[in-house]
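Asker: Sequence:
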Amino acid sequence: MNRSSLLRRLLAVVAGVAVLAPLAPAPASAAAPAPAVSVADIVCQVQLVRQGPNFVVNVVVVNTEPVPLTNWTIRFTVPSATTVGYPNHATLTRVGTDGTLTPVHYYATLAPGAAAVVGFNGTILVPGQWPYAFHLNGMPCPINYY
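Residue numbering for the sequence shown is -30 to -1, 1 to 116, as defined by mature numbering (1 follows the signal peptide of the UniProt record, and there is no 0).
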C-alpha cells in the first residue's frame, strides 16, 4: 500500500469517527475518574539489620503504579520486650505491640516510579524478639534479615 492510499484510508477512518461521534451516548461525567492505586502492585521491602541486641529497620516503598500513592502507612508488630525509636523520614508511633510509620510530608505522596525509605532503630531485650509482620496499607511486606 502506497503512502497516498494509506493517507486516504486514515482520513476515511477519521471522517467516519467524526460522523459517528455525535451519535454516541454522552459520558456520565466529563472527567474520567483516576484509577485507584492497587497496593498489590507497590513494591515494599523491609531490611532489618541486626547488630547484637540493637537493630535498624529500613522499609523501601516503590510506587510502580501509573498514579500517585497517597495516604500510605507501614504497620508492624513490636514485641513488648523490644524498644523502638529514632525514626527516619517518618513519624513512629507505638501503642502496646502495634507500631506505625507514617511518612513525613515530602514522602507522603509518591509519584509514579518514585521511591521512599522510612525506618527506625531499636533494641531487643529478649533474644530473637525483632519487629515483624510489616504491612503497607494492609499488604504484607517481606523482611530480609542482615
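Any given hint could turn out to be false.
[As the list claims (entries may be wrong)] Label-pair restraints from in silico Cβ distances: (1) Ala51 - Thr79: 32 to 38 Å; (2) Tyr102 - Thr61: 19 to 25 Å; (3) Pro36 - Gln99: 18 to 24 Å; (4) Tyr115 - His75: 26 to 32 Å; (5) Pro23 - Ala85: 27 to 33 Å; (6) Gln17 - Pro38: 40 to 46 Å; (7) Pro49 - Gly83: 34 to 40 Å; (8) Gln21 - Pro112: 17 to 23 Å.
No lab work stands behind these hints, which were simulated from the structure alone. Cβ atoms here follow ideal geometry from the backbone N, Cα and C, with glycine treated the same way.
Asker: Each hint should be assessed against the structure and marked as holding or not.
Answerer: Here is how each hint holds up against the structure:
Evaluation of the 32 to 38 Å hint for Ala51 and Thr79 yields a pass: the beta carbon distance comes to about 36 Å. Take Tyr102 and Thr61: their Cβ atoms lie about 21 Å apart, and the range 19 to 25 Å holds. A beta carbon spacing of about 40 Å between Pro36 and Gln99 contradicts the range 18 to 24 Å that was offered as a hint. Restraint check, Tyr115 to His75: a C-beta distance of roughly 31 Å satisfies the suggested window 26 to 32 Å.
Between Pro23 and Ala85, the C-beta spacing of about 30 Å keeps the proposed range 27 to 33 Å intact. Distance hint check for Gln17 and Pro38: the Cβ-Cβ separation is about 24 Å, which falls outside the suggested range of 40 to 46 Å. Taken as a hint, the range 34 to 40 Å holds for the pair Pro49 and Gly83, whose Cβ atoms sit roughly 36 Å apart. Checked against the hint of 17 to 23 Å, the pair Gln21 and Pro112 passes, with Cβ atoms roughly 21 Å apart.
Taken one by one, the earlier hints fail for this structure at numbers 3, 6, listed in ascending order.
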